[in-house]
Amino acid sequence: MHAALLALLLVPSQDPAPLDPGSVAAAVVDERAACEALGRRIEEAVAARDPDRLAEEIDFDAIVERALEGFPSDSPGLAGFRDGLGGGAKFCTTLIESFERDETQFDFMRLLDAPRRLLFRHFDVGGVGYIEFEVAPDEDGTARAVDMYQWTTGQSLSEQFRWFALPLVWKESVGDRAASRLGGKESAIARSTLRIRRMFERLDSDPAGAMKVYDSLPQEVKFEPFILAARVQIAFQLGDDEYIEALDAFEKHHPESPALDLLLVDRAVIAGDHPAVLRLYDALDAKVGGDPFLDVLRAATLVETGDVDRARTTFERAIRRDARLESVALWSLVGLELDVEDFVAVYQLLVRLDRSQDLAWNDLTEAPHFAKFVQSPAYRRWLYYLENK
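Counting from 0, one number per residue, gives the positions in the sequence shown under numbering that gives the first Met the number 0.
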């Protein structure tokens, strides 16, 4: 045994120095503060539609390393795979472009624990969804994202990258070596890659063809959350019966999925079960630790039931809970008041929007939804306001 090591072993044991509770608490607070600061920086980068700023906050190499864990480090195919991903800048550019195309609002909500994760809400004309970024502290005391999990796909980004890499590993493997490198499910995924690709290529242009490809997949592949989520997207285009069947399958195979309540809302909407819709929003609200945007969705459901007064108060509650929702909630209220023809309320809401948002107003006489409003005295008050503000 090395003499220095032996000397260490022979040193009489001593009680460890007691931890200072204050310093431990301060370290925890500092780490939380660094993670929350990262959440705000990510939100700001997305709001600015700046992929370079976003790439600075994401450790893309760490995501790729997690994806390729256990694969042969000397694989030529995986070297090309890394190059093909194009790095964090390419990924963030693609992400920002998708948000810009869909006019997505992306809001940091809160820090979750075990492991540290940043919860974000995103919404656009297609609805609401949630994304989590797993966080790890850097040596300099800041923090960066080391993975991303999208609720609606049921997969992390590293898991998706691993799926893309599987066929390369399989192709380079022969005989028993293939079984040693890939487990049963991963082998099935690798063998199904071409069919999975065809399914996604046809998802929008040929949903019936995409569903035929889905039906041909092996059992151990077709019920993976990522693939079932694609089935839900396909079935949505094929009609209510197929859509409900796909939702039922997702619920059966992934009853604990965080995306389940989001998906089941649609099933309740199709059934016209408004109480069930509201219960699902409540369940989702609890699952995310409280989301004021769900008040916007609750209010829209209340409008459909004819409970206009509760809808008004629920829209206003969303604004009180999260000022970032002021625009979407106020415009929703404008639509409500136009429907019930309370044109004084419409005028008051337009004034609120003008004072709180940086808006360039179009001629409302050319907007069909405002046809009755522009014939009312409240419209003349609106014109007077614009001329004299």
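Mixed in with the good hints, there may be bad ones.
To be verified - Within a straight-line C-alpha distance of at most 25 Å, the following computed DSS-like cross-link-like pairs (lysine-lysine) qualify:
(1) 211 x 221
(2) 251 x 211
(3) 286 x 251
(4) 221 x 251
(5) 184 x 211
(6) 184 x 251
(7) 221 x 184
If you are wondering where the hints come from, they were derived from the structure by calculation, not from laboratory data.
Hint-by-hint comparison with the structure:
1. A hinted pair counts as satisfied when its Cα atoms are at most 25 Å apart, and residue 211 with residue 221 qualifies at roughly 12 Å.
2. Pair hint residue 251 plus residue 211 holds up; C-alpha atoms about 21 Å apart against a cutoff of 25 Å.
3. For the given pair, residue 286 sits about 19 Å from residue 251 by alpha-carbon distance, which is consistent with the 25 Å threshold.
4. The hinted pair formed by residue 221 and residue 251 meets the criterion: a straight-line CA distance of about 13 Å does not exceed 25 Å.
5. Taken as a hint, the residue 184 and residue 211 pair is honoured in the structure, with Cα atoms around 21 Å apart against an allowance of 25 Å.
6. Restraint check for residue 184 and residue 251: satisfied, since their Cα atoms lie roughly 19 Å apart, inside the 25 Å limit.
7. For the hint linking residue 221 to residue 184, the alpha-carbon distance of about 11 Å falls within 25 Å, and the restraint holds.
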